[in-house]
Amino acid sequence: MKRSMILASVLCLALAAGSVFAGDTTKKYEVVCMKCMAHHMEMGDGGGHGEKHAACAMKCSTKGMDLGLMDKDGNLYLPVNQDFESARDVIKDKAGDTIELTGTVVKTKGVNYLKLADTKVK
63 MKRSMILASV LCLALAAGSV FAGDTTKKYE VVCMKCMAHH MEMGDGGGHG EKHAACAMKC
123 STKGMDLGLM DKDGNLYLPV NQDFESARDV IKDKAGDTIE LTGTVVKTKG VNYLKLADTK
183 VK
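Numbering (the working numbering), first residue to last: 63 to 184.
These are computed hints drawn from the structure, not numbers from a lab.
Some hints could be false.
[To be verified] Simulated restraints, written as ranges between beta carbons of each label pair:
{"id": "1", "residue 1": "K154", "residue 2": "A179", "range": "15 to 23 Å"}
{"id": "2", "residue 1": "G126", "residue 2": "H102", "range": "17 to 25 Å"}
{"id": "3", "residue 1": "Q144", "residue 2": "M105", "range": "33 to 41 Å"}
{"id": "4", "residue 1": "A100", "residue 2": "D159", "range": "14 to 22 Å"}
{"id": "5", "residue 1": "G106", "residue 2": "D145", "range": "31 to 39 Å"}
Note that CB positions come from ideal geometry on N, CA and C, so glycine has one too.
I would like the entire structure built from these sequences, with the hints used as guidance.
Shown next, in the form of structure tokens:
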């Protein structure tokens, strides 16, 4: 009985981990300025992204602001490399653009990360 309980617990943990680490996927993301996203949300307009905000995003990028990735559903991701270090340099010249990246989504305590499989931007 004790052995089956341990086995069931291990199985549950493995299934839970599988939903958090789903493996590499290729997806399109808009490169956004995290400061602008927060500022516009605070103002209540939900802006800070999209075609009208592309020039501002590039301006923020050249100033060294934090950049993130937004998918078509509005979810935000922080790009990281395989060691979970910032991958800002991979996307800094694409601020305001929609790009295609391959990586693994890692969700933890309300923060979404995109762990890049490589540094190739499409």
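Here is how each hint holds up against the structure:
no.	hint	result
1	K154 / A179: 15 to 23 Å	holds (19 Å)
2	G126 / H102: 17 to 25 Å	holds (19 Å)
3	Q144 / M105: 33 to 41 Å	holds (36 Å)
4	A100 / D159: 14 to 22 Å	holds (20 Å)
5	G106 / D145: 31 to 39 Å	holds (37 Å)
Against the hints set out earlier in the document, no violation occurs for any number.
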